[in-house]
Amino acid sequence: MNPLLHSVFAASSCAARCPLAGVGLQHYVVLSAVLFAIGFLGVLVRRNTLVVYMCLELMLVASTLAAVAFSRFNGTMDGNLFVLFVITVAAAEVAVGLALIVALYRQRHTVQLEDLDTLKR
Amino acid sequence: MADIAFYLLALLTVLSSVGVVVYRNAVKAALCLLVGFVGVGALFALLGAYFLAAVQVLVYAGAVAVIFAFVVMLFDVKGGTPRLHRSGIAVAAGTGAAALLLAGVISLAKHGPCADGAATTAVGANLKAYGIQLFTTYLLPVEVTGFLLLVAMLGVTVLSRKQAETPGSGSPREGGNA
Chain A
91 MNPLLHSVFA
101 ASSCAARCPL
111 AGVGLQHYVV
121 LSAVLFAIGF
131 LGVLVRRNTL
141 VVYMCLELML
151 VASTLAAVAF
161 SRFNGTMDGN
171 LFVLFVITVA
181 AAEVAVGLAL
191 IVALYRQRHT
201 VQLEDLDTLK
211 R
Chain B
43 MADIAFYLLA
53 LLTVLSSVGV
63 VVYRNAVKAA
73 LCLLVGFVGV
83 GALFALLGAY
93 FLAAVQVLVY
103 AGAVAVIFAF
113 VVMLFDVKGG
123 TPRLHRSGIA
133 VAAGTGAAAL
143 LLAGVISLAK
153 HGPCADGAAT
163 TAVGANLKAY
173 GIQLFTTYLL
183 PVEVTGFLLL
193 VAMLGVTVLS
203 RKQAETPGSG
213 SPREGGNA
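Sequence lines, in order, name chains A and B. Every letter in the first sequence is one number past the one before it in the numbering used here, and letter 51, counting from 1, is 141. Every letter in the second sequence is one number past the one before it in the numbering used here, and letter 65, counting from 1, is 107.
Hints listed in this document are in silico derivations from the structure and should not be mistaken for laboratory results. All C-beta atoms, glycine included, are put in the ideal place defined by N, C-alpha and C. Take the hints with a grain of salt, since some may be wrong.
[Claimed, not checked] Facing chain B, from chain A, some residues (calculated, C-beta under 8 angstroms):
{"no.": "1", "residue": "V113"}
{"no.": "2", "residue": "V124"}
{"no.": "3", "residue": "L125"}
{"no.": "4", "residue": "M144"}
{"no.": "5", "residue": "A159"}
{"no.": "6", "residue": "I177"}
{"no.": "7", "residue": "V179"}
{"no.": "8", "residue": "A185"}
{"no.": "9", "residue": "L188"}
{"no.": "10", "residue": "I191"}
{"no.": "11", "residue": "Y195"}
[As the list claims (entries may be wrong)] Some chain A residues near chain B, calculated using beta-carbon distances under 7 angstroms:
{"no.": "12", "residue": "V119"}
{"no.": "13", "residue": "A127"}
{"no.": "14", "residue": "V141"}
{"no.": "15", "residue": "M167"}
{"no.": "16", "residue": "N170"}
{"no.": "17", "residue": "A182"}
{"no.": "18", "residue": "V184"}
{"no.": "19", "residue": "A189"}
Kindly generate the complete structure, drawing on both the sequences and the hints.
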């Protein structure tokens, strides 16, 4: 993964525009994109509802990382506060979502996505 | 020094995220998720947002990942059978994820800002700024979020209530549609 990213960066014009020595905003945003893509892949590939939900949380955390990085490198406070709200809402969302999954498990005795196809039939 | 820390933490976070996706055992996936959350919290600290780093570790690693681990262990995951989709779907999903990543990187490389971290101060380190903003600009969102937490608490209580044990009630699934 890393040589690919470096080749993309070397080919881009941004490296010529601003020759950054250290770790900059781009590194954080690329890391956030990598985490988001991994979570996206997990949501599509996995079949356990719980693991799909974990991957959704991973995508959410990746987006908060981008928000904090933008906030840091622009010198504004809004991104940090937004992330604070996102974390709060995510905690509530996880609680409700897991309660739904537990209720589903009680009724169907499975959490595998291929068994939960009532709406497809 | 900070660069080395960034690369190490990025490697840790990416590897544990990959672990969430590839581990067949859901308990291991939950533990990988925990490591990933702590890694992102450390990245927050590296960005100067110490308060958010603490909140990330407390809420995500301390509450969310632990709840995931609880629920996974509650479910009696049977055996850890390979539960991946058919390979065609997996290839399509991988292509989609790679395209998403590549689109993000290319758009960033073409149009991305060239912000310099040394030019701006780390405002996220200032705890007083959080309080001032939360009680002036973001007062209404704070109250709405508090109400949302209350609603979520009530909803979880209703959803996770033991059902079909009240004698005489007609439908056994009365609490399921809250």
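Hint by hint, where does the structure go against what was stated? Just the numbers, ascending.
none
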